[in-house]
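Q: Sequence:
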Amino acid sequence: MRDKMAAINNQLHELDKSMQFLSDEFDDFKSFKSSLEKDVNRMLSKLKDLEEGIARIDEAIEAIHKYSYQYNLKILGIPQKGRKETSKQSVDKCLKLFQSIGAEVLSYDIDIAHRVPSRNAKFTLPIICKFTHRIAKESVMSCRSEANNIDLEDIGLTKSTGKIGIYEHLTPNTQDLFNKAKIFQKENKYAFCWTKNSNIFLKESEDSVVIRVTSPEVLENMVNDASISETAGISPGASMSFNQRGGPNTRSFRSRGRGGPRTRSSYNRDELSAVFGKLR
Numbered sequence: 002m003r004d005k006m007a008a009i010n011n012q013l014h015e016l017d018k019s020m021q022f023l024s025d026e027f028d029d030f031k032s033f034k035s036s037l038e039k040d041v042n043r044m045l046s047k048l049k050d051l052e053e054g055i056a057r058i059d060e061a062i063e064a065i066h067k068y069s070y071q072y073n074l075k076i077l078g079i080p081q082k083g084r085k086e087t088s089k090q091s092v093d094k095c096l097k098l099f100q101s102i103g104a105e106v107l108s109y110d111i112d113i114a115h116r117v118p119s120r121n122a123k124f125t126l127p128i129i130c131k132f133t134h135r136i137a138k139e140s141v142m143s144c145r146s147e148a149n150n151i152d153l154e155d156i157g158l159t160k161s162t163g164k165i166g167i168y169e170h171l172t173p174n175t176q177d178l179f180n181k182a183k184i185f186q187k188e189n190k191y192a193f194c195w196t197k198n199s200n201i202f203l204k205e206s207e208d209s210v211v212i213r214v215t216s217p218e219v220l221e222n223m224v225n226d227a228s229i230s231e232t233a234g235i236s237p238g239a240s241m242s243f244n245q246r247g248g249p250n251t252r253s254f255r256s257r258g259r260g261g262p263r264t265r266s267s268y269n270r271d272e273l274s275a276v277f278g279k280l281r
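Reminder that position 50 of the sequence shown reads as 51 in the working numbering, one-by-one numbering, no gaps.
Source of the hints: derived by calculation from the structure; they are not laboratory data.
Straight-line Cα separation of at most 20 Å, PhoX-like style, residue types lysine-lysine; simulated pairs:
(1) Lys82 with Lys123
(2) Lys204 with Lys183
(3) Lys183 with Lys75
(4) Lys131 with Lys97
(5) Lys123 with Lys164
Just the calculated beta-carbon pair ranges, DEER-fashion:
(6) Lys187 with Lys97: 31 to 39 Å
(7) Lys97 with Leu51: 50 to 58 Å
(8) Lys85 with Ile156: 21 to 29 Å
(9) Arg135 with Trp195: 13 to 21 Å
(10) Asn149 with Lys82: 20 to 28 Å
(11) Phe27 with Leu48: 27 to 35 Å
(12) Lys97 with Asp50: 49 to 57 Å
(13) Ile62 with Tyr168: 17 to 25 Å
(14) Lys187 with Tyr68: 28 to 36 Å
(15) Leu51 with Lys18: 42 to 50 Å
(16) Ser119 with Ser36: 54 to 62 Å
(17) Leu51 with Pro173: 17 to 25 Å
(18) Trp195 with Asn150: 16 to 24 Å
Cβ atoms here follow ideal geometry from the backbone N, Cα and C, with glycine treated the same way.
Build the full structure now, drawing on both the sequences and the hints.
A: Written as structure tokens, this is what we have:
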């Protein structure tokens, strides 16, 4: 009997040792998990700071580009003289066009003009005209509708087979957003979509309010809002504020969270959080 009791005691002792080992292992695992979670949280925090820093840099670069582009106009439909048109030839063509539409622009009002590549090889290369000051640019913009009535041969230029157009020169990001806004306009039967001073605007009809498009999220919110035509463009997923520059009939939408186009990924923070959440 004593031998049996001793054997049982030994087994219980071994079982206690095993339980203690498992307990220690579990404590080590909990400690490792806690340390790992802290490291992951620190990493996510740093990634968030980096993302915000990159976004600020992107916004600063975009602001610099917009400041530079504000002196520029893009002109379409002016035939090119030879394969390599000089800057002076481009300037002369711009001056003839501007003066023919009634804009008060002289040679010293233009800094430089040159051709730029076109996405469509079938079209004449656009001319980018950079002014020395914005007053001259605004003078042209105020008369640009007259370009449709100009016969290029009457001002000594080669006749164009296409339409002459004078537009704001937009930064790549703004141009991309403007293209999205034009698609939205077509799909949702909005009457107007235009730019002014690198700002993009939509208007559903003559009597509706003007909506300022500041990011792709604005368009997404408008698409997701089933009652947009009844609420003059106010999306339930967006907050509305009046645009001071646009006047009381201009509304600017901001998507939830930080505004502006997102040009970087979110580093899969949600996925990482979900993975480590399962360890809890």
